[in-house]
Each structure stands twice: as C-alpha cells, then as structure tokens.
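Enquirer: Sequence:
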Amino acid sequence: MNTAHRGRPALELSGIDKSFGDKKVLTAAAFMVRWGEVHALLGENGAGKSTIMNVATGVYAPDAGSILVDEQDVVLRGPADAATAGIGMVHQHYRLVGCFTVAENILLAAGGTVAGIANLRQAAEAVEAKGREVGLAVDAAARVDELSVAERQRVEILKVLLLGARIVVLDEPTAVLTDAESRALLEFVRRLAEGGKAVVLITHKLREVIEHADRVTVMRGGATVLADADAKGLDAGELARLMVGERVVPPPAPALTLGRERLRLDGFSVRRPDGAIGVAGVDLTLRAGEILGIAGVGGNGQQPLADGLIGLVPAAAGQLLIDGVDLTTAPPAARRRQGLRIIPSDRFASGLIGDLPIAENLCLTDLAAPELNRGFLLDRGAMRRRAAAAIERFAIAGAAPGRLARLLSGGNAQKLILAREMDDDLAVLIAHSPTRGLDVKACLFVHEAIRAAAARGAACLLISEDLEEILALSTRIAVICAGQIAGEMPADQADAERIGMLMMGHV
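One point on numbering: in the working numbering, the residue at position 213 of the sequence shown is 221, and numbering is uninterrupted.
Note that these hints are calculated values from the structure, not bench results.
Be a bit skeptical, because a hint or two may be false.
Straight-line distance between alpha carbons at most 30 Å, and here's what the computed BS3-like set of lysine-lysine pairs gives [claimed, not checked]: (1) LYS449 x LYS31; (2) LYS449 x LYS138; (3) LYS240 x LYS31.
Pairwise CB distance ranges, derived in the manner of DEER restraints [what the hints assert, rightly or not]: (4) GLY229 x LEU364: 35 to 43 Å; (5) ASP431 x GLY203: 50 to 58 Å; (6) ARG129 x ASP500: 47 to 55 Å; (7) ASP503 x ALA88: 45 to 53 Å; (8) ALA377 x LEU116: 38 to 46 Å; (9) ALA499 x ALA145: 26 to 34 Å; (10) ALA377 x ALA149: 40 to 48 Å; (11) LEU116 x THR265: 48 to 56 Å; (12) ALA403 x ALA145: 47 to 55 Å; (13) GLN327 x GLU246: 17 to 25 Å; (14) ALA377 x SER27: 32 to 40 Å; (15) ALA126 x ARG393: 42 to 50 Å.
Ideal Cβ placement from N, Cα and C applies to all residues, glycine included.
Put together the whole structure using the sequences plus the hints.
Expert: Structure below.
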C-alpha cells in the first residue's frame, strides 16, 4: 500500500440495512476506516458489529446501502470478491478444518491464488515465517483439532495476513490471548497501520480502544450511534454508556464465606489427544464459596485440565474427588450427578447444539428427570415450561423455548449455558473462559452469576487467559505453565507482574 494514501478512506459503508426474515439487524448503519489507521468498532452483543463487517467481507449481501473500497463503488457477491478487493476478516468463531493440519488449512485457504504457497512445504514455511514476524508461533504440522482455543485463534490471524489483505478486520482478536500476547498482537496491528494498511478492531476491551485505536465507531441496536470519532479524549465510562445506553457500574463483590472442601486434585495428570502429557501432577483443593482462578498462557494445559475434570478424557495419573467421593475413573454423567458443572471455552462448539431449540438445549443434561418424562416419551410441555422459566430468570434476550439456539447472540447463548449449568445441585463449577468475546454488560452478568454461585456454597474453578478477569473474580489464584501449577497465591497478595512472570516460566 502506498503510504501517500494515508488518511484517505479505505472502506466506507453507508445506509446499510440488513434483515434475517422479519428480524432487522442493521438500520441505515454506517462505518468508515481510513488507510493508515486502527479503527475500533464497539457495541454490545447483537449491536450489529459483526453483521456490518460480514457485509463488508461479502458474507452477507446488504438489503440497502453502498460499499466503497478506496473510494470506488464495489459489489461484493461473496467472500472471494472481498478478498480480491483486499478485505480480510479474522472471525471470532473460527473457520478452520479441524482434521487438517495448520499448513493444510493455509493451503486450502490460499487456493492456488497466493504467490509462494503452492504446496504443503511452502504453506508450512509461510506459516512459520509469518508467525515469527508477528510473534504468534504455531506448529504448522499440528492438527487444528488438537490445538488450544488460543492457538486456533493464532492460525486464523496468520491465515488472513498470509492471504494479503490490505483492509484487515479483527473480530475480538485478543479474546483468548494473555496480556503479553495481546500487547504483542496490538503492537503488530499498530505497525500494520503505520505501514499504510487499514485495520478494523472489533473488541469489547475498552482499554484496548483507548490505548491502541485512532478512531472509534459505536453501534447499538443495529444502528451507528457514534461515527468516526477521534479516540483521544474518549474515556471508558463514556464508551460503555454509548454501547449500552446507560453507564455500567460493576456490582459490589459479595463477601464470600469459605466452607468445606468440595474439590480435590492429587497428582492429577491428563494426556493430550496426541498422547503427550498435557497436565502433570496437579495438586489443588477448592472449598465451598471459593473462586480459584487458573491463569496461564494459552496452550499450557488449560484445555486438558478442563477435559480431565469433566471426564471427557481419562486421568493418566492421580486422583479427583468431589465432596470426598472419588470420581477419578467416573464417566461425565456420574460427575454431573455429584454436582460438577461446566461452562466450556467455546459456547457454540462445546456448550450448545445450535440446530436444536432452546428448550431442548436446556434439558440436554437432565433428560432422565422424572418431570421431563411421560412413560417412554419426553414431556415437551414440561421442557417448554422449564425453558420459559429459565429464559425469564436469566433475562435471555430474543429467546423463546422453540427458537433455535444458534440464532442467539454470544452473550445470550452464554446466558443459556448459565441457566442450564447453575442449577440447585451445583457443587463444583468449571468456568473456562466464561466471558470470551462478550460485551461489557454481558461480562458483568456472567461475573455476577459466578459470584452468586460461590455465595450459595459452590466451589468455582475459573480458567481464563484474561488476567483482568482472574484478578477481578478470584479469591485465590494459581498459575499454570507447561501443564504444571507454577505458583499459587491469595488474590489480595497477587499482582499482574508476578503472575505474568509465573505464566512465562520466569519464576
């Protein structure tokens, strides 16, 4: 890109309308990003941010409005047209083939159109070179379905960069990255803009906007409520007010009274899908009313730990007890009967079945309950009544018992999982990245739900790569590095610098 174009419009969308059936999701929405700038796009879940960017990348066709690239009208008949126009998007929900390696995914995406990527060897070399350049190292030979969530995010970022986008849209790019990884990525984003490219940063982390964006656009309810504003002089409170229509005030954290031991891990070890040890010799105890935060760089054993706790993979060694009951070899159903519940790291891939109605998703884990059975048949009426009560209790917007789960926004899908998992029998909650990709208001809702569960006597294990979340919620913090607990401390004695050093294996 010729840096002489800096400051001129790169991508302009104006008067954009978009409906799905009778639901209008964009109304005369507008957005503009210039060459050489980082432009932050903010809004609650369901505000229309991803939708308008999907219009910009040819995924959706607008019902009305215009699209200009480099001040020229364009018609985008699909993502291929957008790629030809130099627009690339890193989607929040990954678009990778799980059974393929990283290099195979890159070769598939290149489709013979990217110079220097015509075979697997060239694809692998390109991945490794770009990874070193941006500080997002990925094993090009690894199968995608064996990577952690954070590693898959890195592959998506590398893929778009390798395809040569001049206008780069990043949808929650740091949602699964640690502070150090986020800083490295955002520094690269700044260098990308300084090189003359246009970068759109969709994020819910207001600090990122204030520190790294040049300009800001805010959407609410499918409309643009703040357009192309200079980021200088905007504060987090004002941005939050614009996003939600009210000033968001975090609720006071309740005082938690610790009770009996509910979860114990003794020498707990779990293997990864490739057979290598993913978690080695973990010793942890967790008491009623406690929130134990597990901090760590992505790929250091978080997913194997969660999978081993809920019984998706067997323990390679050690012991797991809930309320004194040895569940080391017990299947997932037996662990649920003992009160173990999970908020998975990927709500759509692991927590919900998108093409099933909300009522069925809410009852998936409790189909044997007497009130849901009528002889050999399920009582659909009872399922709908249970769902209606849960929808009201958890304020799941846009939900109805018969509506498909995949039609919910990210925040409301997470509320659906909370409604199912936080039942009266909850003893131990495993919350893995529970606010990943959620807006400010939804994050507060999830945090308050976790605190409330602890206040009712549950033991909560919070696994998160968001250090701010760990520090905000935890009563005690443990750091995982290379599959082992590298250190542990009370939350009131923790600081981000010490945790960061433990996460990187420097202590």
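Enquirer: Taking the hints in turn, state whether each one holds.
Expert: Quick rundown of the hints versus the structure:
no., hint, in the structure
1, LYS449 x LYS31, "holds (23 Å)"
2, LYS449 x LYS138, "violated (36 Å)"
3, LYS240 x LYS31, "violated (36 Å)"
4, GLY229 x LEU364: 35 to 43 Å, "violated (28 Å)"
5, ASP431 x GLY203: 50 to 58 Å, "holds (52 Å)"
6, ARG129 x ASP500: 47 to 55 Å, "holds (53 Å)"
7, ASP503 x ALA88: 45 to 53 Å, "holds (49 Å)"
8, ALA377 x LEU116: 38 to 46 Å, "holds (44 Å)"
9, ALA499 x ALA145: 26 to 34 Å, "holds (31 Å)"
10, ALA377 x ALA149: 40 to 48 Å, "holds (46 Å)"
11, LEU116 x THR265: 48 to 56 Å, "holds (54 Å)"
12, ALA403 x ALA145: 47 to 55 Å, "violated (41 Å)"
13, GLN327 x GLU246: 17 to 25 Å, "violated (51 Å)"
14, ALA377 x SER27: 32 to 40 Å, "holds (39 Å)"
15, ALA126 x ARG393: 42 to 50 Å, "violated (59 Å)"
In terms of the numbered hints stated before, the structure departs from hints 2, 3, 4, 12, 13 and 15, listed from lowest to highest.
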